[in-house]
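From first to last, the protein sequence lines stand for chains G and B. Taken in order, the first sequence gives residues 1 to 442; the numbers are from the numbering used here. Taken in order, the second sequence gives residues 1 to 486; the numbers are from the numbering used here.
No lab work stands behind these hints, which were simulated from the structure alone. Backbone N, C-alpha and C fix where the C-beta goes; we use that ideal spot for every residue, glycine too. Incorrect hints may appear among the rest.
DEER-style ranges, computed between Cβ atoms [claimed, not checked]:
1) G:Pro-24 / B:Gly-70: 56 to 62 Å
2) B:Lys-326 / G:Arg-265: 55 to 61 Å
3) G:Ala-235 / B:Thr-41: 21 to 27 Å
4) G:Val-212 / B:Gly-455: 46 to 52 Å
5) G:Glu-285 / B:Lys-326: 56 to 62 Å
Far from chain B, some chain G residues (derived; all Cβ distances over 10 Å) [as the list claims (entries may be wrong)]:
6) Leu-94
7) Asp-112
8) Arg-265
9) His-294
10) Arg-320
11) Val-338
12) Gly-353
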Amino acid sequence: MSPPAAITRALEEIAGLGSVLTDPAALAAAAVDGVVPRWIVRPPAVEPVARVLALAAAESLAVSPRGAGTSLALGYPPRRLDLVLDLGRLDAVLDYVPEDMVASVQCGVSLDALAGRLGQHGQRLPLDPAPGGGRSVGGVLATAASGPLRLRYGTGRDLLLGVRFVQADGVTTWGGARVVKSVTGYDVPKLLVGSLGTLGILVEATVRLHPVPPAWGGWRWVFDAIPPAASFMAAVIDSPLQPERMVLLDVGAARAIGESGLSGRESAVAISVASAAEAVTAQREALMALAARHGGRVSEMGAGDWSRLSGALAGPIVIRLAGEPARLGPWLAALEHVARDGGIELVSVGEAGGGVLRAALRAPDGDGLPAAAWLAGAVSGLRAALAPEGGSLVVERAPRAVKDTVDVWGPIAPEPLAIMRRLKAEFDPAGILNPGRFVGGL
Amino acid sequence: MPAESTAPDPSLVRALEDIVGSRGVVASPEGRLTYECDMHTFYKGAPDVVVLPESAEQVAALVRLCRERGVPIVPRGSGTGLIGGAMAPRGGVMVSMTRMNRILEVDLPNRCATVQPGLINLWLSNATRPSGWFFAPDPSSQMVSSIGGNASTNAGGPHCLKYGITVNHVLGLQVVTGAGELVWLGGKVPERPGYDLTGVMVGAEGTLGLLTAVIVRLTHVPEAVRTLLASFASIEDASEAVSAIVAAGIIPAALEMIDDVMVRAIEEGVGAGYPKGAGAVLLIELDGPRAEIEAQSARVESLCWSHAALEVRVAADEAERALLWKGRKEAAGAVGRLTPNWLLQDAVVPRSRLPQIMREMQAIQQRHGLVLANVFHAGDGNLHPIICYDERNPGELERAKQVNEELLHACLALGGTVTGEHGVGLDKAKNLPHQFADADLNFMARLRRVFDPHGIMNPDKLLPSHPACGEGFRPARPELPRGAWV
Numbered sequence: 001m002s003p004p005a006a007i008t009r010a011l012e013e014i015a016g017l018g019s020v021l022t023d024p025a026a027l028a029a030a031a032v033d034g035v036v037p038r039w040i041v042r043p044p045a046v047e048p049v050a051r052v053l054a055l056a057a058a059e060s061l062a063v064s065p066r067g068a069g070t071s072l073a074l075g076y077p078p079r080r081l082d083l084v085l086d087l088g089r090l091d092a093v094l095d096y097v098p099e100d101m102v103a104s105v106q107c108g109v110s111l112d113a114l115a116g117r118l119g120q121h122g123q124r125l126p127l128d129p130a131p132g133g134g135r136s137v138g139g140v141l142a143t144a145a146s147g148p149l150r151l152r153y154g155t156g157r158d159l160l161l162g163v164r165f166v167q168a169d170g171v172t173t174w175g176g177a178r179v180v181k182s183v184t185g186y187d188v189p190k191l192l193v194g195s196l197g198t199l200g201i202l203v204e205a206t207v208r209l210h211p212v213p214p215a216w217g218g219w220r221w222v223f224d225a226i227p228p229a230a231s232f233m234a235a236v237i238d239s240p241l242q243p244e245r246m247v248l249l250d251v252g253a254a255r256a257i258g259e260s261g262l263s264g265r266e267s268a269v270a271i272s273v274a275s276a277a278e279a280v281t282a283q284r285e286a287l288m289a290l291a292a293r294h295g296g297r298v299s300e301m302g303a304g305d306w307s308r309l310s311g312a313l314a315g316p317i318v319i320r321l322a323g324e325p326a327r328l329g330p331w332l333a334a335l336e337h338v339a340r341d342g343g344i345e346l347v348s349v350g351e352a353g354g355g356v357l358r359a360a361l362r363a364p365d366g367d368g369l370p371a372a373a374w375l376a377g378a379v380s381g382l383r384a385a386l387a388p389e390g391g392s393l394v395v396e397r398a399p400r401a402v403k404d405t406v407d408v409w410g411p412i413a414p415e416p417l418a419i420m421r422r423l424k425a426e427f428d429p430a431g432i433l434n435p436g437r438f439v440g441g442l
Numbered sequence: 001m002p003a004e005s006t007a008p009d010p011s012l013v014r015a016l017e018d019i020v021g022s023r024g025v026v027a028s029p030e031g032r033l034t035y036e037c038d039m040h041t042f043y044k045g046a047p048d049v050v051v052l053p054e055s056a057e058q059v060a061a062l063v064r065l066c067r068e069r070g071v072p073i074v075p076r077g078s079g080t081g082l083i084g085g086a087m088a089p090r091g092g093v094m095v096s097m098t099r100m101n102r103i104l105e106v107d108l109p110n111r112c113a114t115v116q117p118g119l120i121n122l123w124l125s126n127a128t129r130p131s132g133w134f135f136a137p138d139p140s141s142q143m144v145s146s147i148g149g150n151a152s153t154n155a156g157g158p159h160c161l162k163y164g165i166t167v168n169h170v171l172g173l174q175v176v177t178g179a180g181e182l183v184w185l186g187g188k189v190p191e192r193p194g195y196d197l198t199g200v201m202v203g204a205e206g207t208l209g210l211l212t213a214v215i216v217r218l219t220h221v222p223e224a225v226r227t228l229l230a231s232f233a234s235i236e237d238a239s240e241a242v243s244a245i246v247a248a249g250i251i252p253a254a255l256e257m258i259d260d261v262m263v264r265a266i267e268e269g270v271g272a273g274y275p276k277g278a279g280a281v282l283l284i285e286l287d288g289p290r291a292e293i294e295a296q297s298a299r300v301e302s303l304c305w306s307h308a309a310l311e312v313r314v315a316a317d318e319a320e321r322a323l324l325w326k327g328r329k330e331a332a333g334a335v336g337r338l339t340p341n342w343l344l345q346d347a348v349v350p351r352s353r354l355p356q357i358m359r360e361m362q363a364i365q366q367r368h369g370l371v372l373a374n375v376f377h378a379g380d381g382n383l384h385p386i387i388c389y390d391e392r393n394p395g396e397l398e399r400a401k402q403v404n405e406e407l408l409h410a411c412l413a414l415g416g417t418v419t420g421e422h423g424v425g426l427d428k429a430k431n432l433p434h435q436f437a438d439a440d441l442n443f444m445a446r447l448r449r450v451f452d453p454h455g456i457m458n459p460d461k462l463l464p465s466h467p468a469c470g471e472g473f474r475p476a477r478p479e480l481p482r483g484a485w486v
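Hey, can you work out the whole structure from these sequences and the hints?
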């Protein structure tokens, strides 16, 4: 390897003076799980990203990409880390023809900034992952992050049409198409969504957009217990109603959006509907009748409540439990049971349709961190229960000390994992892209 | 590209019979001839032997056998593909999935069903519709095409404008990879950590492995459906109406355009009640909650009128709706009344470029003196020009091919794609370098090798062949600063 000062000069030549940070405070702030990089590079364009990767490959530098930096806690601690590639300057909207309902953007653009552009034409990219719109498009795609809107619009897997990425050897590559419908060649975007930067660095994305419906309504219903809430949700799913969001809330989440006077055994369901005004009214009436039959007590759910819910999923530990969509209720009950046993405060939001239950866990005292032994037991107990239906539990956020004692990804079935290992070996043979952070330590 | 079918190696036939039984093997020349092409009859190549397995384990065993012997494998569902996909240019073993055609499980609480790959698309919806659910992907072939074939080609259909293409409806797969692994990918639980191998496998046209089971998402039957027919003086006027509908924030379930040539052919055939003499007809279907459909339907109707519609008709009942759709779905059959021979294009343009590509299409057909008929998915810009020719007239086939290529290049120049829903197969593999750079093709060739290290899975399909067997398309690497740091 070349001397560090020479590498710094080479990076400066590629990315420009002032785009390479080496001062200790900045480096410490960019640490991933306590592993401090030696360089932070903020390339101004795609071409320098490619050249940085080529240099990293030649010098065998381990690279971690970074978007808005909100979700760096996801994954195992890096096996090694030399260079943080900060993509925040790649924030341009490259091409947007409202009539096509397609936009091509650089991956560093934030969801909020993009929403501002699209909103002028009554359109949106319907992705609403926690903790909010500050997240970058690239980060959301690389982590396959989604939120309650997936019920109606799917996830990044459904919305990403084309992607430009830089491979581990610095070769800039395109996969997919710029039109809403294409089956030309392999669906490379699918491979990259959720790959956490381990196969390539996403630099541009072409996404499918949706119209912002003319009218909107949101409500929540409190039920005495989980089972009636769950059967209300099942009744909505098995009806021609088309909510855009439907989530199952535990008491902690219901309190976070202003429900008071709860005893602690209740559960709530929040729903939003977006359509023509007449249709919102009609669906509201149908939902009210259905909820009343299951004993739900209604209140309005304002637009701000949805972002408050996202925000409420913050805590020292955040887990994502994924099971069969129909079993959201039983899984919330299991989670509540485990938390109660450990004296842990829970805020939990379950997404109908996706079968995803996200929960923030906090101990009532001290730094809020649950005891490591309790967490390890809770995680392995829930994983064992989820395994028969093919479910999983991912610890999405945890301090480094916890990661040293708890397997944050959990096991992957050996046969698919073998294919994943071959993919990683093919596309990043030297292991310089986010080494060690993904499932199976890829 | 006719391939000489060779006599099957007797020891291979015996080994296959050991796996699937003698009734599951077709080795006679007449029997094999049935399998020499899909619906793209240009491309003929009979396999050396056809096997009809009944279980995933049998499929795994026969893939391992072929891998050991270096024999190519070609999967086949119902053979309704339009791309020269389910044919055997190099002979080898064709695996027909027609005996694996059962519904294994319907799980309504989880909105999904697990089926064998040979199950006919429409049979699944027929089974679940009484309970209020259906399988949304609806290629025009859905009465005969198989779900395994739909998943392998990532099939579309008129209603994918709203509901998405097949990949959006596949939750999991059981596959046998080219490396011989029998593995479940994805599953009923939609969210799972790791690479999305299911998403990669859908649309891979059998080049990565064979599908032995498919877990598909079911969609709730909408409360209301409304079908409108609007006619226009010209295809440009109709295209403007399409843009206006989409700009109004309305995503119809389907938005189909039929040009005058096609309208005539359909009316002379099935007689769907389309207005003769119109320059273009739009078939617009809205579905969803009743109140939404009523609001949108009124809006769509007024947008058509304000964009110079000659006539707007709303199907009064289910019978009229079915008739309007009958014309669209049988369009391909009606072409026979127009022309003895035809080529079908499947390119896509950005929706905003529809008027422009229609003008270019006119110019191309005039230049070559051939008739084009159009019936296509206007809502997503997926064109299906039918290039009419008569092979008995010297030179006409060559001109038709020329028109086909020029159309494709015109679509790509407007930012489009080579194939929107039919797939690549043998037919369009040669076109990929027009859309993708060497780096992109190289990535795809390496992806293929990860799943199929011996290159036995449906060779020659999906990617252009290269003298160096996928080692080609070597991309240039970016330059490093020279001498700056040493």
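Checked hints:
Between Pro-24 of chain G and Gly-70 of chain B the Cβ separation comes to about 58 Å, which falls inside the hinted range of 56 to 62 Å. For Lys-326 of chain B and Arg-265 of chain G, the hinted distance range of 55 to 61 Å is satisfied, since their beta carbons lie about 56 Å from each other. Between Ala-235 of chain G and Thr-41 of chain B the beta carbons are some 51 Å apart, a value that contradicts the proposed interval 21 to 27 Å. In this structure the supplied range 46 to 52 Å holds for Val-212 of chain G paired with Gly-455 of chain B, their Cβ-Cβ distance being about 48 Å.
As the Cβ distance of Glu-285 of chain G to Lys-326 of chain B is approximately 36 Å, the hint placing it in 56 to 62 Å is violated. Distance check for Leu-94 of chain G against chain B: the nearest CB is about 12 Å away, which clears 10 Å, and the non-interface claim stands. Taking the minimum C-beta to C-beta distance to chain B, about 21 Å, the non-interface status of Asp-112 of chain G holds against the 10 Å cut. Residue-level check passed: Arg-265 of chain G sits 24 Å from the nearest beta carbon of chain B, beyond 10 Å.
Distance check for His-294 of chain G against chain B: the nearest CB is about 16 Å away, which clears 10 Å, and the non-interface claim stands. Against chain B, the non-interface label of Arg-320 of chain G is violated: not every CB pair exceeds 10 Å, the least being about 8 Å. Residue placement check: Val-338 of chain G keeps its beta carbon more than 10 Å from all beta carbons of chain B (closest about 19 Å). Not every CB of chain B lies more than 10 Å from the CB of Gly-353 of chain G, the least distance being 8 Å, so the non-interface label is violated.
Violated hints for the displayed structure, listed by number in ascending order: 3, 5, 10, 12.
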